[in-house]
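K.L.:
Start from chain C and add chain B according to the hints.
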Amino acid sequence: MRPHVKTALVVAWNIAAVVALFAGAEFIARVIQFHRHGRDIRQPLTLRDRYAVWRTNPSYTDGFIRNNHQGFRRDEDTPLDKAPNSVRIFIVGGSVAYGIAGNLFGEVAHNPAPPRNSETISYYLERELNARYPSRHWEVINAGVPAYRLHQDLARLLSVVLRYRPDYVISIDGVNDMESILSAPVHYDPYLVDERMVDFDELANPAGFTSLRVLASNWLRRESALAHSLQDWIAERRTARYVARTALPDPLKDPVRWEDLTAEQQRHYRGSAAQLDAYARLVRQIHAILAVDHVEDLFVLQPHLATTHKPLTGTEPVLNELTRRRRGNLYVYGFATLYPRLADTLSADAPVTGYRFLNTIGAFDGMRDQAYTDFCHLTPQADRVIADRILDSLRDSFAHAADSPPADSASGFRKHTRRSTSW
Amino acid sequence: MAAKSFDFLELKLDIMGRPLSTALVVAWNIVAVVALLAGVEFTARMIQCHRIGGDIRQSIELRDRYAVWRNNPSFHDAFARHNREGFRRDEDTPLEKAPNNVRVFVLGASTAYGAGSLYPDVEGTPPQPRNDQTISYYLGKELNARFPSRRWEVVNAAVPAHRLHQELALLLSRVLRYHPDYVICIDGVNDMRAILNAAENYDPYRIDDRQVEFDLLANPASFASLKAFASVWLRRESALVHAVQDWSTERRRARYVAQTSLTGPLREPVTWDDLTAAEQRQYGIGAAHLESYVREIRQIHAILDLDHVQGLFVLQPHIILTRKPMAGTEPRLRELTHRREGNLYVYGIATLYPKLADALEADGAVAGYRFANLIDTFDTVQTQAFTDYCHLTPEADRVMAERIFDSLSDSFAARAR
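Chains as they are written, first to last, in the working numbering: chain C, 73 to 495; chain B, 52 to 468.
The shape of chain C in the complex, shown without the other chains (with noise of 0.2 Å):
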């Protein structure tokens, strides 16, 4: 054999070997994730989006969430066209509203696990209004999205949830904008403090070299399942170093006050602070989109472990140190202190606007059970107790729809408009 072609088999043959050995590594990687998982983990929870920076992937399941085909987290399809006797409810919001755990404090032992698609908030609502008003048929849709904040939610409305003619939007929201005013600049803008935005950009508009790096992590991340472990443990690797920091036994001050904030947080309460609006105006720009299809709105301002009065149990007290270790002084006294403010402000500013509000700070305080699973995400009992609040916040709405004749199926724009014009 000529030299030449020799070296090239070689060459071929490491290359063949190579190929063979992470072939043989991802098959079974894939196995061990599949029996662990029961399903093929690289499908991720969320996609980026073009209007609403991500969305919820209708190609995701585990083995507590199971999303439509349409992306809603929801066992049954949603079809553009409504049933004439239905009545269409879509819920908005971030986490807490889709229903999913706490993965801050995945090391809390006995924490409860997170909600099946049968123990959402917009199950229990649905199962609720189907029962008490059986003359309609009640479709109550979970349209939130992890980690969504109140602009979201409205880029959701607009792009997506609109399209299938709801009858009443319900938004439960309040910690994940919260979070963000209170880490904000002294210009907040809810459209520039995207966490996700730094891989959209570098993803949607390649350039340079991280833009490569980036894309082959993401696409690894979504093509192998080794890539993804590899991935998985490295992040995992990072909390549990985050946990053991934050988990040292100093002395924790219970309740946290203003003096014992350092001069630059004071400074940073402060400018938060006067940033509160941005949240009502928000509430404010959503409902007047609502308003244009007719739609019924509700705000629902959701509950948080700092604010509870509830007796804690369970994993909850544990949960409640854990909050003020991790988020911090500024944190927690933001939230003892401006929540309750933004709670006022929207109960002031809802009958001004004519929009419905309901505050669920205290929804809590005369529940035995477990209700947190972190700071803010809640158990199916917690869920359960949202769901009639909701119901309760709306019943006369509900009861006026529950007798009012079936409409046809067009959008509220077109039927008041079908009224006022011609062509």
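Just so you know, these hints were derived from the structure itself, not from any lab.
Here are the simulated lysine to aspartate or glutamate pairs, DMTMM-like style, with alpha carbons at most 20 Å apart: (1) K278/B to D271/C; (2) K375/B to D427/B; (3) K192/B to D232/B; (4) K278/B to D259/B; (5) K148/B to D261/C; (6) K382/C to D441/C; (7) K278/B to D266/B; (8) K278/B to D260/B; (9) K382/C to E393/C; (10) K278/B to E295/C; (11) K148/B to E136/B; (12) K278/B to E274/C; (13) K278/B to D273/C; (14) K192/B to E453/B; (15) K148/B to D358/B.
P.N.:
This is chain B only, laid out in the frame that chain C set:
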């Protein structure tokens, strides 16, 4: 000399072992190819810089998180220059508005932006307006001349190919942070085209070609993603690839132009009977979705109203509808519009566009927004106004600015006081 160094290399290779010499030859070839490509890339960059006067690798637009795409702040060429905020304007637009300033934002698509002709093959068509020849520029000049007590900033925030739903997204995500006093939307043609091509369940946010490309890039999976990414990345990084892609596009366009330049007879005006059965059905679907335009205007108006921003919704002119005396290349442009866009488009614009104007006129009075129907703006203009079916000459931009000024003159005067 070259032969000598080659001999030297042969000699060196002889001294080394065979595998090493093979590796060296491979490395030598790789280096030679890389050097060749680098040389060609360098030459391409020099030529492009000389021809365009800017870095062609900077695209005019960037994919956006809320509005699908937006203007690229780094873009500039011989006609257009964007400021750091991505608006077509020579001066920057700071977040803070000076107390005496009145801010007017112009939204819309390529006509509001001031884009060039879509029919570059028509010789003698006027060139694209420069930054100081756009509607926004003329409006700013007029306002500052008439009401010098205030400083009027007219900011061109239009983005080529945008439609109303994207303007709403841009308004929410970018424009409102600059505290505008007025927002003027100049639209009609792009949305009307989308409505004329609408499916039964028309939705401006529906999945389109750009959605497919976006998903390939932003949610990478499969080899199609790698291909799309490589194409976009190379276009951005290499002037050579950029030039080759442009050349390929131009070839495709030339073939299209050749196909549509046939000199067969054209029926004018197009009547209902000239449409095929499929076109008549499609026309019916489009007509049924006119209200979606009105609905989007109401949404924008509702958002502006919350911030007490005065809005004006302008329906832009179209060459199919104008009654102006045709001048310059306009007769040819009108004919090409008919040939390239087809009967459904021409008939749809001729009949549905005025109907849309009537609907907006009526709805504006009910919903409380200002509407300006500028379909007839150029009816008395003797010089060339159009550079294709909707894009305008600098002179036409000036006329548009005057009409907009007239529509809001009472409000401007009150604001100046």
